[in-house]
Every structure is written in structure tokens, then in C-alpha cells.
Amino acid sequence: ISGYFRNIVGGKTLAKQDLEKPLKAMEDHLVQKNVAREAALRLCEGVEREMVGKKTGSFESIDKALRPALESSLRRILTPTSSLDMLQEIQSVISPTVKTVSPRPYVISIVGVNGVGKSTNLAKICYFLLQNNYRILVAACDTFRSGAVEQLGHHVRNLKELSARENVGEVDLYQKGYGKDAANVAKDAVAYAASHNFNVVLIDTAGRRHNDTRLMSSLEKFANFAKPDKILMVGEALVGTDSVMQARNFNAAFGPGRNLDGFIISKCDTVGDMIGTLVSMVHATGIPVVFLGVGQHYGDLRNLSVPWAVNLLMS
Amino acid sequence: MVLSDLGRRINVAVTDLTRSQNLDEKAFESMLKELCNALVSADVNIRLVQQLRKSIKAKVDFKNLPPTTNANSKKRLIQQAVFDHLVDLVDPHAEPYKPKKGRSNVIMFVGLQGAGKTTTCTKLARHYAQRGFKACLVCADTFRAGAYDQLKQNATKAKIPYYGSLTQTDPSIVAAEGVARFKKDKFEIIIVDTSGRHRQEADLFAEMEQVQSAIKPDQTIMVLDGTIGQAAESQSSAFKSTANFGAIIITKTDGGAAGGGAISAVAATHTPIIFLGTGEHMLDLERFAPKPFISKLLGYGDMSGLIEH
Ligand SMILES: Nc1nc2c(ncn2[C@@H]2O[C@H](COP(=O)(O)OP(=O)(O)OP(=O)(O)O)[C@@H](O)[C@H]2O)c(=O)[nH]1
Ligand SMILES: Nc1nc2c(ncn2[C@@H]2O[C@H](COP(=O)(O)OP(=O)(O)OP(=O)(O)O)[C@@H](O)[C@H]2O)c(=O)[nH]1
Ligand SMILES: [Mg+2]
Ligand SMILES: [Mg+2]
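Chains as they are written, first to last, in our numbering: chain A, -10 to 304; chain B, 575 to 883.
Quick caveat, the hints were computed from the structure, so don't treat them as lab data. Possibly wrong hints are sitting among the right ones.
[As the list claims (entries may be wrong)] Distance ranges between label pairs, derived from CB positions:
| hint | chain 1 | residue 1 | chain 2 | residue 2 | range |
| --- | --- | --- | --- | --- | --- |
| 1 | A | Pro85 | B | Leu857 | 46 to 56 Å |
| 2 | B | Thr743 | A | Lys13 | 49 to 59 Å |
| 3 | B | Ser811 | A | Ser304 | 34 to 44 Å |
| 4 | B | Thr743 | A | Lys53 | 49 to 59 Å |
| 5 | A | Ser304 | B | Leu857 | 25 to 35 Å |
| 6 | B | Ser787 | A | Asn213 | 52 to 62 Å |
| 7 | B | Ala780 | A | Glu39 | 43 to 53 Å |
| 8 | A | Lys149 | B | Arg621 | 42 to 52 Å |
[To be verified] Taking lysine-lysine and the PhoX-like style, the derived pairs with C-alpha atoms no more than 20 Å apart in a straight line are:
| hint | chain 1 | residue 1 | chain 2 | residue 2 |
| --- | --- | --- | --- | --- |
| 9 | B | Lys600 | A | Lys10 |
| 10 | A | Lys13 | B | Lys757 |
| 11 | B | Lys607 | A | Lys13 |
| 12 | B | Lys628 | A | Lys10 |
| 13 | A | Lys10 | B | Lys607 |
Keep in mind the model is a prediction, meaning the values are calculated, not measured. Virtual Cβ for every residue (Gly too), placed ideally from N, Cα, C.
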């Protein structure tokens, strides 16, 4: 964080007006990291609340005094409040410990705006699950965009080869071509998976802009039909302020009582230290980041490391 | 529309100022502040916003306005300065390449992953085909799964001839073959689609240079996603210094984004925007011109005579 007021040192009780300029510098810093201004302002307000009335240490600049407050706010916002152990969750659905609950396939669906990396990151998750020896059905429910079905077909073919070579898991494609209603295809895919002994269904969906009310409202029917255990939204690290409304509108699209379960922040490899999107999206919804996409290959999927993210954002 | 929210906010700021009883320096400063906040919220690069603020301030030079200047002329002065500077933001004063009939015009598309290249190249081919050019498409994306199918399906819908390969993995070879074949057949607009790439991966940039030297395009177009944020400047500058693109197309302007990131790329690369992508369908392409765009943005009347569709 650039040094405003480095010269003010030691033993000062901080008043609102002392903080004005350093906080503006902090806001600009966060905006430069691609944190949406709205989220940056909220973080700065939090820091202000925490710092007004505090005494700086002897020989300490205001900047220096503010740093830990921002760092801990970032850590707080990014740290999920519940467990994100997907494998454990899958396990409990496909082989429940309680006798009265019957096993069924675990359903994950991927949503998001156009071109953010839904299909590619679905393929990466598939690869990750294959490594854990699951039987996976990939459902091609983007029945709109040209080449979407073939794209998934390619991935499934590649992943089949990989899993055969490594002798782990199994994967197949479920597709009904183009023009069909996505919710119906999804529902049929889940039924097919249940009757064919698949463990996990991965549902790809068409990209849609979050301000398109017609396409967004079809998500509610989709969730009702496919009954996904996890709805993951892909947001790309490249996106600016729109991330906030993307996250909010998708989070609200699945009808009452149903929210997003997590974000995949894709294309993190393309932004250097400007990884603010993940802050913006979590700020907007309180939904945690489950995965980061860090490249175009199957292995390029990571869990979020909060210290890593906070370091980049503070740098 | 892209930037409409920004337009509204700027308008409110300027109107508030021009309505205020005592149009003094303080009111002017607070208008500038609101203008800058609006631009930053629209993803305009933050350093660019700071420059803009300084230069509007210098232009209006509030302190040194002759004391006889009445409120109305002050208002007009300020409005004009804001308008001019916003136009400057999207107008690099550079002329884009104009394809000519009766010869081959090779156009290469470049851009980040998922920006909208493949979708837009069909839109552009169709645009020229409608204007009497013999237009075609070459798929030189040999990396992305399903890229050729995507282009093929779009081209078929738009009735545009296309070339690609399911077996050749070297994009510069496919590109060169496709361009050579279509040149032989006297095609006038030959659009070459390439894979998405980013500056952090040197191999991908090297590949872009290879394709470029294999086909020697008359025009290279960078496709930029209208939702891009602060990374716009560094990515577009890197593309500029490697591929020296001569025009920009901003896509997804029908989305919720204000588009200020993509617009910052114009300033960073001094390259004109030529079209806006306004949807997923073939016809969703609009010509771009700086002045009508900003007029419309600020609600200064449509001046639709100047907008070509
Ligand atoms: N560099 C990088 N590229 C990525 C990443 N994830 C996806 N991509 C690329 O982004 C582009 C778009 O990816 P897709 O998976 O087709 O995106 P999508 O969201 O399914 O797109 P639509 O279905 O058209 O809305 C492709 O070129 C991918 O290779 C990532 O983490 N890093
Ligand atoms: N809403 C909207 N969507 C668009 C527009 N242009 C492209 N898209 C969508 O954006 C997504 C990505 O477009 P592509 O044309 O595949 O992007 P690309 O740059 O070729 O992607 P890669 O080849 O993977 O780098 C698709 O879902 C398109 O339908 C636009 O102007 N508006
Ligand atoms: Mg997809
Ligand atoms: Mg493409």
C-alpha cells in the first residue's frame, strides 16, 4: 500500500480525518487489484470503524497501523464459514451410512455468464473426481451455443483416455444435441446416472448474461428439475465491477430457498496479482470460493489458499 | 447498453452542478469527484481517471475564468470539457483499415480466452458478405476443444464458406493453408480465428506471432470482453506490442457491465474501436463511432444520423 502520511509517527489517537487520505489510498489500491469499488469501500469502512479512536504504536505510520486491519478483514471475508470438503459430501450421498437413506448420484451443476470457463472447469473437476476413482456422467445441457456439445464430447474423450491409462474412475457423456430444453435434459441425465450406477453427474449449462431476465428465470426450473447438490458459479478473474451483479443475480436466480453453493474463479493465471474478483463476488453474496482455475489444462484447478490471496491483495 | 449506468451518473453529476445556485469552485470539485467515482465504478483504469480529472480541471481552469463569465457560459464550458474528454477516451484519432473490394483482405482475430472471437468473426464475415464482399472464415484455433465445430456451425448458419482441419495441430499451417486456398478462389474478406491467449504465457504469444507471419494479415483485430476490469490495460498493451493490432471490437455490451475496462484499452493502445458485439446472435453487431457513442451515453440526443448500423 502506497505511503500516504508515512511521516506521521507514533502515539497518535486516530481521528476520522487522519484516516481520510490513507483510506482513499487503500481504496485505490484495492481497485487496482480489480476489487469492485463497492467492495473496496466496504472493506475500507470496516477498517475505519476498527481504527478510529485507536492509538498508533510509537514510531508507527498510519499506513502501517492500517495494514493489519485490512489484512484481517480480507482474511475474514475470504475464509469460508463451513467445510468445503466436496469428496466427503459426495461420499455421504453415494454411500450413505444411514440404512434408511438410499444411495444416489451426487449432482453438480455449473453456471455463469458467457465465456467465463464453465465447460473447461467442469472438465477439470471431472478430472479431479476421476483421480478419486468416481464414475462420472457429464451432461451436456448447453443446448444453445454452437459447438458446445462437441466441446464437452472432446473433453470426455480425452478424460476417458486419461482415466483408462491411469486406471482410475470412469466417465461418459450424456447429450441430446441442440435446441432441447436444458432442464429436461438435466433431469433425464440424472435419472440415467441413477439407473446406470454413476456416482457423480456434472451438468454443463449455457452461458447467460445476468441481466437477461428470460434466460435467468429458466434457472429456477433447471434447479427444480436437476435438483443439484451443488450449484457452482464460474466467475472469471478478468471481469471487473460486473462481478458483483453477476454473483448477486445468479445467487438469486434459483428460486426461494435455493442459493449458489460456491464460486469457481477462473483464469487466475491471466491477471497477475489483480485477483480482486474473488473478493467482489464473496462480498456480494457471502458464498465461498471453492476452486480457482489457473490454466487451460485438466490439472489447472486449485483450492483457494486464503494466505496466498491475502498476500497478493496486500502486495 | 454498455456504459448506460455511467452515462446516467455523469449526467446527474453535471446536471446537479449546472443547476446549483452558486456554481463555485467547490461545486465544480465535487462534480469532478463524482465523475471520477462513476468512471472508477465503471472499470475505467484508475490512473486514466486521475489523468482525466487533471486535464478537465486544467481545461476549465475555474480559478482563472474571467469574473464576467455568467453561469450559463460556465455550464456550457464544463459540459463541453467533460464531453470532449470522454470522447478522447474512446477516440485515439487513428484510422482503422478499410477493406477494399476486388482484392483479398486478410483479417486476423486475437484476444484473451473466451472474449468472443469465434462468435464475432462470423458476425463480421456476415457483415461484409451483406455488403457485397465475398467473405469466408478460417479456423486456426487448434487448441480449444470443439473450436472447429463451433466455427463450422456458426459459418453454416450464416452461409459463409469456411476452412479448418481436424488433424493438423499447428495453427500457422492451418491458417496459411486456409488463406492460400481462399485467395486462390478470389475471396475478398478472409477472416482467421485464433485461440484465446494471455500475456503470461510466452508460448501462446509466440504462436500468435507465427500465425501472423504465416498469413501476413492486412488487419489484426483484438476482441475484448466488455466486462473486463483492471487487467485490460496490461493485457491489451501486451497484445499490442506483440501483434500490433489495428482495431478493437468490444463484445458482450448487452451484458450488465459498464465497459470502462475495455475502453481503457483504447487509451492504452491508441487503437480505435470499430464494432460492438451486442448479443449471442449473428446480427448482434453494431458499428462504433466515438462522438455519437458519447452523446448517446450522456443523453445529449441520439444524433442517429451519425450512427451506422
Ligand atoms: N487461462 C485460462 N483460460 C481458461 C481457464 N478456464 C477456462 N479458460 C479458457 O476460457 C475459454 C472459454 O472457456 P469455456 O469453458 O468454453 O467457457 P464457457 O463458460 O463454457 O463458455 P460458454 O459456454 O460459451 O458460455 C477457453 O479458451 C478456455 O480454455 C483458466 O483458468 N485459465
Ligand atoms: N451476450 C453476449 N454473448 C456473447 C457476445 N459475443 C460472444 N458471446 C458469447 O461469449 C461466449 C464466448 O464466445 P466465443 O466466441 O466462444 O469466445 P472466443 O474468444 O472464441 O473463446 P476462445 O476461443 O475459447 O478463446 C459464447 O457463449 C458466446 O455466445 C456478445 O456480444 N454478447
Ligand atoms: Mg460452455
Ligand atoms: Mg474461439
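Which constraints among the numbered hints does this structure fail? Numbers only, ascending.
As far as the earlier hints go, 3, 5, 10 are violated by this structure, in ascending order.
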